[in-house]
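S.K.: Below are the chains, spelled out letter by letter.
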Amino acid sequence: MKVTYYPGCSLEGTAVDYAASIAGVASQLDVELVELFDWNCCGASSAHSLNHHLALHLPARNLALAEQAGRDVVAPCALCFNRLKVAEKALLGPEGTELGIAYGGGLKIWDLLDYLTQDTFLKALPTKVVVSLMNLRPVCYYGCLVARPPAVTDKADYENPENMERLLEVLGTQPIDWSFKTDCCGAGLAVARPDIIDTLVHRLYEQALAAGAECFVVSCQMCQANLDLSQERISRKFGQDYYLPVFYFTELIALALGHPDTPKWLAQHVVDPMPLLKMKGIV
Amino acid sequence: MAPNKSRGKPQQVGAVMVVGGGMSGIQAALDLAESGFYVYLVEKKPAIGGVMPMLDKTFPTNDCSMCTLAPKLVEVGRHLNIEILAPAEVAGISGNEGNYQVEVVQKARYIDPSRCIACGVCAEKCPKKVPNEFNQGLSARKAAYVLYPQAVPLKYAIDKEHCIYFRKGKCRACEKFCPTQAVDFSQTDRVLHLEVGSVILAPGFQVFDARKKPEYGYGRYPNVLTAMEFERMLSATGPTHAHIQRPSDAAEPEKIAWIQCVGSRDAAMGRPYCSSVCCMYATKQAIIAQEHDAKIRPTIFFIDLRAHGKGFERYYQAAKKLHQINYVRAMVSRVVQNPRTHDLALTYVDETNRIRTEEFNLVVLSVGMGVDPETAALAHKLGVMVSPSNFVSTGSFTPVSTSRPGVFACGSFTGPKDIPESVVQGSAAAASSARLLAPVRGTLQKEIAFPPEQDLADEPPRVGVFICHCGMNIGGVADIPSLVESARTIPDVEYVQENLFSCSQDSQNQMVQVIQEHRLNRVVVASCSPTTHGAMFQTMLRNAGLNKYLFEMANIRNQCTWVHQGEPEKATEKCRDLIRMGVAKARMLEPLKYLSVPVNKRVLVIGGGMAGMTSAVALADQGFEVHLVERLEHLGGNARKLHSTWRDERVQVMVDAMVAQVEQHPKITVHFLTMVTEVSGSVGNYKSKLSTGQEIEHGVVIIAVGAEPLRPEGEYLYKEHPNVLVSLELDQELARRTPRVKNAQAVGFIQCVGSRIPERPYCNRVCCSHSVENAIRLKRLNPDMEVYILYRDMRTYGEREPLYARARELGVLFFRYNVDDPPKVESEGDKIVIRFVDTDLQKPMELRVDLLTLATAIIPHQNAPLADLYKVHLDADGFFAEAHPKIRPVESTTTGIYMAGLCHFPKPIQESMAEALACASRASTILCRDTLELESITSRPIDENCDGCAFCVDACPFKAITLLEYMRDGNVKKTVEVNQVLCQGCGSCMATCPKKGIYVAGFTLEQLEAQVDAALGIS
Amino acid sequence: MSLEAAANYPIRPQVALAAQLTKARLTVSTCFSCRKCSGGCPLTFAMDILPHHVIRLALLGQEEQVLGSETIWVCSACQTCTTRCPNGIDIAGVMDWLKEEAVKRGGTIPDAGVAAFHRFFLGSIRTSGGRLSETILLRRFTLYKMRRQINLQELKENLILGWKLFKRRRMRLIGPSALRGKAQIREIFRKGDF
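Chains as they are written, first to last, in this note's numbering: chain A, 85 to 367; chain B, 30 to 1048; chain C, 295 to 488.
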């Protein structure tokens, strides 16, 4: 399968580990990710916060380029996915002509998780699993922007998505259900207001532990960063000793499928997942 | 039944099809069957009843739903002129009003109803479990099942979709074990072609699927229930036998939260209307839950509390103050589950504007009403126009008429509404059909025939005692088997039996057989109240060939087990006493001659407003002579002051048309500037004297005297500042587009002036919608005009909710004020300044307006004199009181007297007209008869004992006794005479008489003494 | 001016702000104060005015209060409010509009750090010709913060974090290179008046 790939700026920067695991998994699943030629930054939260023109035109340029490429687009970053969808709706909506960009809308915009949890992949996975992830008790954390608002994302299961859980079940783990799968981690406020991230992420840690989980599995690198990078700081602030590794779902796929580079990517996390994986007999 | 075609024009058919066997359809069917028409009642499910049997108690009386419904179900089930087709569906229709051909698919139930005795063995033996839809999936039924225990018809059915035989070719256990060989797998769906004169659509509503609001966790978290599921949990026949428990661990919840407006008032998901009943039903559920378990602490999360019906505001205030239910004016965004305890945490903005999170043991979602896709498809197939939300489009002046002539609609299909309104509309639809088909009334009716009554002559009493469990109501408290045992030992008791539900049709049929088999000649039923069920059991006796007065009822429920729930042993003993007392009297009962009185078919309508005129025309069109009494010199009443309805229909045009119709109608005589001054007689034979001196003899009375607006002198500068108006005054100015309205820069409205306050604790129902309508008109007149509405709760119920949304869209600003700190209004030259605290922001507000409109109360006229004349009751607020708030909303407690419109309670024109039509329908069930059967429990003088002291004459509240003199043995003998028609059998005369000179047949002193002795254990 | 500071002043409705929002297809007037948005917002702990009050005050034209609130800057645009509003109001969109308007009008921004971060983000894209350099962004922002207030603890934490990321080869020091279409990017920024 061939699809246009829109990595987004952080996948080339602080989330290179995510990018690497994506590339690794893609090859294992026979997916050819063709990077969108000359893609630009989608504007993230800063564009829609300060300038509505940039907020639409930055992602819209990418859609025009994707249309030229003639394939569906897949975006690993939830915020990029959301911005591309916003632009898509605007271009195809009543004010579309005002934007002055020709866009036919014949391609589908996917978030990576949705793409890799299509039935074809889920059905093919069990035969490829070589490492048992059986003892792992994760909670799935989807974050907000991959699902909301449904009028933009076109997601039917926007309050209680379950595709990550289905994927993890296929890989042999027993994901734990909890009420906070799509709660906000603080997203783009991480740099300017780390105190807000502390409060939000601390809540998530506590709820994950209350549900009986020992790690997170995410599909968005901003969520991963907020859950991973701040863990030590939050532990100190709240007088706790949190150890909750944060896996990318692609890392778990790669782990289960026995990709040799997986330890390399896991080593790039700040919260080292190895002790947990060793304890569970997975490595 | 082929139509008689004469020269190409088909003749009208004297039959009506009612589609839908819920409360509204049932009412329509009964009215029609009782007024001369044959009715096909087509019901999709295997039994009629609709949603009402699923309800536990109903607001605002907290009566048991099944109790109020069951007598009607049985009446329908046994009515000779109602043919129930269930399960069946309408497939198509052709023809015109007066003569429709309807194709009905009668679905196979795979059980022969003529053989099924509802013994339940098939269900017992059936191995296939299926979620029980009646119990909202909270329990299981079998593939062979009966819809609910008191179902009518009480016949089992096999669910083909789940039956193992149909799916896999195996089993057939039901067939093997059925004692009457009623199982018939060879049944197929049959197509029936039925000829009817009109069709009434009463398909009811579909409960909103709460999974479509996934933020509330329904279907995900076990302790989140819908209100329907909770209703089943409260019910004695429900999945937990009325034990309130959490699905996750069966523990008893203490903190229960209700979340309102789930699937209603939600334009974002395409359900913009208000479902009208949820605020009230949540309040009711909270109150009843506390009755079940005093430790339950309910909290209701709402947007606006809609208690806009008669008695509803009081109910709500009592819930707050007496029952201490916590009402929180904030919507909950989502439900979060505690993974260990399965408690549910709700986060909301509290009354101090702080964010609070509270944990609850159980959450109930107040789901709304909608139209199910099959019903919408049927409407489409029949060519009936519907609104965007799929409710039938009706006009305000034709509230039950659809876009297709001869096809009427009633109940929640015309818009979300509660039970009383559904009953009213059912009757209104019946009136509409009757009016159309009056020429062929009686042509297709079957006549009832009771078996001849046995002459008991000198037979000793053989008493049959039937002790009812009433589900858990009696059986859950009293020891029924013990009562059965002791009843057997009472002398003269020949037969004793216990029933689960004596009122179910099946029980009735079985009891008739028992009476005949055992040659019983007195019957005691120990169950509930004679008020609701007495007549039904009396009819049962007649069906068994016994005089109906050989029946006695021992109320061991309302007067025993319902009161003494906490003391079962003592309650059982009291039941034992009551049963013994019942038998003591029953022994002494004598058959009484049936009295009947000819019916005068003339109608008196008091009040010439829209309601009065509607009733008058509806009856006159059917050929009845109507006298309409109007105290003013013109017709039209309060409608003369109105201009547009909430759907922008022109009122005056319709009023003029109606007035013309009335004044030109050959069968209507209007008496202007006239009132009623004297009344005598009773149903079928009234004599009303008018202020003109004329006396009118008539059979029924319809009271439609309207009401008047409150003049709020002294409030908010009314009459002190020229620019303060009441709603009706603004209506006039808007209609005339006066300069001050056109040029106003800002207009304000204050709602609830004189309403919902201690001295007038009712909601006036129409004002929120009316002010919103006017606000929209003002904005249309001048989009730049500032329009402000100050309210307490915005009660734009039903399909009026989109009006409220429209007003907001247009920029009308709405402010909530607190009744404890009402707005202060000051004059500033021409302008008026309104100062108040916005309860949402909790900040002071200041509005400057050019015009201020006060939405004031509607108050009843001085109704006491009229009420006294006809001996009907007024409620605590001075409005006419109906016989039963739920199921007899347009009838007074006195048979033959009906009420419609504002004199009953404030309401909009369409509801007044629906009530007026309903009155016409109810009245026609009497008017179409030549004679009316009367109660035989009346007083009879004993001439030998009477010495003419006349104490009884004064004591009689119905003026039924007159003093007589005649000559006997050369002396003057004084005695009294009782008018059997006027006598209501109250017994005041018997209680007053010092000479035992008068007695009430069926309640003699000897019978009462025998009961007292039995109570004391002497006999 | 926060809601508290406005305590003594009666509110007199003004229409201008709501009209502007309506033109931007953000119809706040359809709100019926159900408070569902505030009940579900995860950021209320950091806000001075609750979301539903922002909508109400915007509707009543209380420009100073809403444009000067901290609320709009700490909204994380998680879209919970917009998703669940029964009247379909894009509350998160209103927050965005108010931020843009607040900057346009030039008043004091209570959470200047957040605004600055967004400014640097967009500036960085423009400078690099289409993509973000996280390193440049973080550097600019850290300097900005230090100029305002030196918080040694925070600085230390940031440096340690920076080092951890760099060690793990997650902190690019060079790039990204400008796009082929950098002229298009420049044009987009020009048209957007940024």
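Honestly, the hints are just simulated from the structure, not real lab data. Just so you know, even glycine gets a beta-carbon here, dropped at the ideal spot from N, CA and C. Treat the hints with care, since some could be wrong.
[What the hints assert, rightly or not] Across the chosen pairs, the derived CB separations fall in these ranges:
| hint | chain 1 | residue 1 | chain 2 | residue 2 | range |
| --- | --- | --- | --- | --- | --- |
| 1 | A | 258 | C | 461 | 30 to 38 Å |
| 2 | C | 469 | A | 320 | 30 to 38 Å |
| 3 | C | 488 | B | 381 | 53 to 61 Å |
| 4 | A | 279 | C | 402 | 43 to 51 Å |
[To be verified] Output of the computed footprint for chain B on chain C, the stretches with three or more beta carbons under 8 Å from beta carbons of chain B:
| hint | stretch |
| --- | --- |
| 5 | 329-337 |
| 6 | 386-397 |
| 7 | 427-436 |
| 8 | 443-456 |
[Unchecked claim] Chain C residues, not near chain B, derived (Cβ > 10 Å throughout):
| hint | residue |
| --- | --- |
| 9 | 305 |
| 10 | 324 |
| 11 | 378 |
S.K.: For the stretch 427-436 of chain C, count the residues whose Cβ lies under 8 Å from any Cβ of chain B; is that count three or more?
M.R.: violated (count 0)
S.K.: Can you tell me if the stretch 443-456 of chain C counts as covered by chain B, using C-beta to C-beta distances under 8 Å and a minimum of three residues?
M.R.: That given contact is violated, which follows from only 0 residues of the stretch 443-456 of chain C lying within Cβ reach (below 8 Å) of chain B.
S.K.: Is it the case that residue 324 of chain C keeps its Cβ farther than 10 Å from each residue Cβ in chain B?
M.R.: With a cut-off of 10 Å, residue 324 of chain C comes too close to chain B, as the shortest Cβ separation is near 5 Å.
S.K.: Just to be sure I understand the hint, the distance between the Cβ atoms of residue 279 of chain A and residue 402 of chain C should be within 43 to 51 Å; is that true here?
M.R.: 21 Å, violated
S.K.: Given the range 53 to 61 Å, decide if the beta-carbon distance of residue 488 of chain C to residue 381 of chain B lies inside it.
M.R.: This hint is violated: roughly 42 Å between Cβ atoms.
S.K.: Holds or violated: the stretch 386-397 of chain C covered by chain B, criterion of 3 or more residues with Cβ-Cβ distance under 8 Å?
M.R.: violated (count 0)
S.K.: Should the label of residue 378 of chain C as a non-interface residue stand, given a Cβ cut-off of 10 Å to chain B?
M.R.: Violated, since 6 Å does not exceed 10 Å.
S.K.: For the stretch 329-337 of chain C, do at least 3 residues have a Cβ located nearer than 8 Å to some Cβ of chain B?
M.R.: It holds: at least three residues are needed, and the stretch 329-337 of chain C offers 7 whose Cβ sits within less than 8 Å of chain B.
S.K.: May I ask you to test the hint 30 to 38 Å on the CB atoms belonging to residue 469 of chain C and residue 320 of chain A?
M.R.: Holds, at about 34 Å.
S.K.: In terms of Cβ atoms, is chain B entirely out of 10 Å range of residue 305 of chain C?
M.R.: Residue 305 of chain C is in fact no farther than 10 Å from some Cβ atom of chain B, at 5 Å.
S.K.: May I ask you to test the hint 30 to 38 Å on the CB atoms belonging to residue 258 of chain A and residue 461 of chain C?
M.R.: Holds: the Cβ-Cβ distance is about 34 Å, inside 30 to 38 Å.
Of the numbered hints given earlier, the model fails hints 3, 4, 6, 7, 8, 9, 10 and 11; all others are met.
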